[in-house]
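Asks: Here the protein sequences come in this chain order: A and B. With the numbering used here applied, the first sequence covers 1 to 226. With the numbering used here applied, the second sequence covers 1 to 351.
Watch out, some of these pointers could steer you wrong.
To be verified - Here's a subset of chain A near chain B, in silico, CB distances under 10 Å, partners left out:
| hint | residue |
| --- | --- |
| 1 | F12 |
| 2 | L13 |
| 3 | D14 |
| 4 | E16 |
| 5 | L17 |
| 6 | P18 |
| 7 | S19 |
| 8 | S38 |
| 9 | F39 |
| 10 | L183 |
| 11 | Y186 |
| 12 | V187 |
| 13 | A189 |
| 14 | H190 |
Since the hints were made in silico from the structure, they are not lab data. A virtual CB, placed ideally from N, CA and C, is assigned to each residue, including glycine.
Listed here are the chains, written in short residue letters.
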Amino acid sequence: MSEQIREQISAFLDGELPSSETELLLKRLTRDAELRESFGRYALVGECVRGGGHARLTQGFAARVNRAIDGDSVADDPQPQPRRATGWWRPLAGAAVAASVAAVAVVALQQRAVSPPGVPAVQIMASGGLPAIQSGAGPSPTPTIQFAAAGRQVSPGQVTEPGSYVVPPSSSEGPTPLPAARLTNYVFAHSKYSSVMGQNDVLNDLLSEADADAAGDASQDRRAAP
Amino acid sequence: MIVADCCRANWLAPCAVVGVLLTTAAPVARAGDAAREWLQRMNQALATRNYDGTFFHLSDGRVETMRIVHRVLGGRVTERLMSLDGSGREFVRNGDALTCYLPDLHTVLVEPRQEHAPFLGSLPQFADDVSGFYRIESQGEAHVLGHAAQKIVVTPKDQYRFGYRLWLDENTAMPLKTQLCDSRGQVIEQILFARLDMPDSIPDSDLAPGVHTQGMRWVRQGPARDSASPALSAYRASELPPGFHLTISGAQTLGGANVPAAHLVYSDGLATVSVFVEAQAPPRQEGGADGKPSPPAEPPMEGLARVGSGFAFSTVIQGHQVTAVGEVPAQTVETIAHSVRSFSSGDLPPH
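So here's chain B without its partners, still in its complex pose:
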């Protein structure tokens, strides 16, 4: 079971604006305040408006074309996201469940989750402590994709996190174009809307999956309830990049494992890094006490890997596999993972 030490960052909270006003010079504060207001308008639009759009996702010179349909009717949100040029997969979010149609795998996945962010609601959240590590500013009007837009830039102040550029429609505040950038401003990934309608109503037929599910396998998942051993719970990062702090400590039973791993979540208010600490499996044995072969032991891992727009780094510390994962630069996950060690119960770091 994951225990939240504090709530997730919510940049909509009034304290975010107050934080900026208190910590920033007045002209800059006004610019940052304007940018935050635009972002607030954007998130409101993404969560509360009807929209039907087609957009491109560009990454590594690769383009995918998607369609998103989002309807709010009587306070109930229904969304449908579908691939237009790929696998034919579709996601439909309705109420408290997400259904994933994967025709290429002949599988339908149903995942009940109480909290679902909008498919396109995946944009920065700004807590009041974020301004110390990101510069948030409005860069005025721009012309993008045939619309007048406001350009909002979120720039990291160091190399431990990524930044964002957003072009918001002047009238609707919808994100016509978004970019994820590294600390030097290099574009890592971007999304471009080719078409975006905001109709007053959306018929049910536009939200119905177009996938024929006859003969497909249905898989349903339930929530996990775990707790880590006291030994694993004693692990913490002893060195964190500036601004990162522990927000969640708990446990997760990872797929294929018999016992839960400790799961720590560190955040700077915007970016998050998960750290998993697991006891290493015993050496492989040819046969168990009952004469049956034991499952093969997982070999220790050591190394770095790209994870979409972020990175994962895994290493072995004090006989435990330590893995850090996050949408952050490589050195952030490396720094955090390398610093993990066991603390006595009375000596746990406050962060």
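Chain A on its own, in the form it takes in the complex:
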């Protein structure tokens, strides 16, 4: 990322970028996936630096921030990384309308993944009920959806100190990956009653290519690539 772009993004996030330049930045961002990733890292790191994330700035923090912004791996960082919950169904977080769409979308992908040739990808129950996700219906086991985080570039949350990570603490020893096909149904049903704030997540994720990730197809590899 060039210094000019970095300054543009910084000015944008500070609300100081003129609207004409904002339009140009927007166009660049919509065209350039790599730039969007940089933008995302920069924005979240910016939150930490501004105090929004309550990050504790310690020795080496700035260097790690810069590496994160530039997309460099910090895997060699000696700091222990906070435990990360598995996010295999990110695109499905409970939103009213959108989660239902997500569920069906994933049904299609799931069925495509497990059904023999000639079997319709999407099955809608005759009663008009929820779409059926038959996790064991196909000849091969249902793929357990693994979040791509393990192979992804470090996120700004990971470059802050342990204890300042965005995922809240849990009393569990660690999350067990649960089959997406089954849990999608719960999200679908929950979506009608979920807090309205959650809709944003789902809508945004739905409109992205994240569903393809959930199906474990090639796009997961793309996003997991460093």
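Starting from the structure of chain A, add chain B where the hints point.
Replies: Then chain B, alone, in the frame of chain A:
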């Protein structure tokens, strides 16, 4: 069929303000009252104004660019939400139906729902009981994305729920920037508008889907009508995080299931958690009475998973699969799921 034990929280209700005034010291009440007024203005703007904007959704260092078009014409709301850098998917909400164009799946989904919240109307609702568990305050003026804005902060008072930060345009009350935060203030996800216009009129062409649907498969869904067995209906959470109470008890036939699961909804007035209780499937058999293979039994699940900004936790209790899902921290879904048990009909907990 889901039976509502009480209405969903509606922070627009006058009792919300009254509740704050009654339960909070005067200066704080004024600050909270101002914040609520700003949130009310925001929700009104989101629901009643025309707007056309482009925004970023940032999460986990990932950014997606979206465009939202919202038109209110003669009391009729039409919305279009589209991805600008992803799959090419679009959502169009018109009247009582939502149509989802999924070109990457060669599918169009049509879902009739009587009640649709605005796509961007996904912001906190505050009932009068919320103030016991969240601190709502206005933090004054701020400068965000080139506009003068009011910063409103909703802070959870314990670790069982998430909080929000909102930057509302001084003139329009539209949310220029929103953040979802955990109890320590860590930003989980945020939305930033890069451009937001509020035109007097929006042409039909701006609300028409840009997806070519020729050759695509159309899928239509209808409403579900279910009821749970008496045995499943006897299950309740016996221990709830402070402020959470039962708001809905009913049943849902989950996809792939033959019988409905009990569906309980617990809420603190802002966050919601769904609990599903299902009888575990019998062990897998090689052949049924008719000689045909039985469907494979679903194995029991045990564990925690991230669900967007929230979590899901599933476990087995008294031979039943119990799963809690919600936009809350992990320990909230775990606490609730672990406490689920069967009650006799006369012994059901009041909450």
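Asks: Evaluate each hint against the coordinates.
Replies: Hints and how they fare:
Here the hint on F12(A) is kept, as its CB sits about 7 Å from the closest CB of chain B, short of 10 Å. Interface restraint check for L13(A): the shortest CB-CB distance to chain B comes to about 8 Å, inside 10 Å, so the restraint holds. Here the hint on D14(A) is kept, as its CB sits about 8 Å from the closest CB of chain B, short of 10 Å. Annotation: E16(A) was flagged as interfacial toward chain B, and the flag holds, the nearest CB pair being 7 Å apart, inside 10 Å.
Annotation: interface hint on L17(A) holds; nearest CB of chain B at approximately 7 Å, less than 10 Å. Taking 10 Å as the C-beta cut-off, the interface hint given for P18(A) holds, the closest approach to chain B being about 8 Å. For the restraint placing S19(A) at the interface with chain B, the shortest Cβ-Cβ distance is roughly 7 Å, inside the 10 Å limit, so the hint holds. Hint on S38(A) holds. Least Cβ distance to chain B is approximately 9 Å, under the 10 Å limit.
Using the Cβ-Cβ criterion of 10 Å, the hint placing F39(A) at the interface with chain B is satisfied: the shortest such distance is roughly 5 Å. For L183(A), the interface hint holds, the least distance from its beta-carbon to any beta-carbon of chain B being 6 Å, beneath 10 Å. For Y186(A), the suggested interface contact is upheld, since its CB lies about 5 Å from the closest CB of chain B, less than 10 Å. Checking V187(A) against chain B by beta carbon gives a least distance of about 6 Å; that is within 10 Å, so the hint holds.
For A189(A), the interface hint holds, since its Cβ comes within 10 Å of a Cβ in chain B; the closest pair sits about 4 Å apart. With a cut of 10 Å, the hint placing H190(A) at the interface with chain B holds, because the nearest CB-to-CB distance is about 4 Å.
Every hint, counting from the list given before, is met by this structure.
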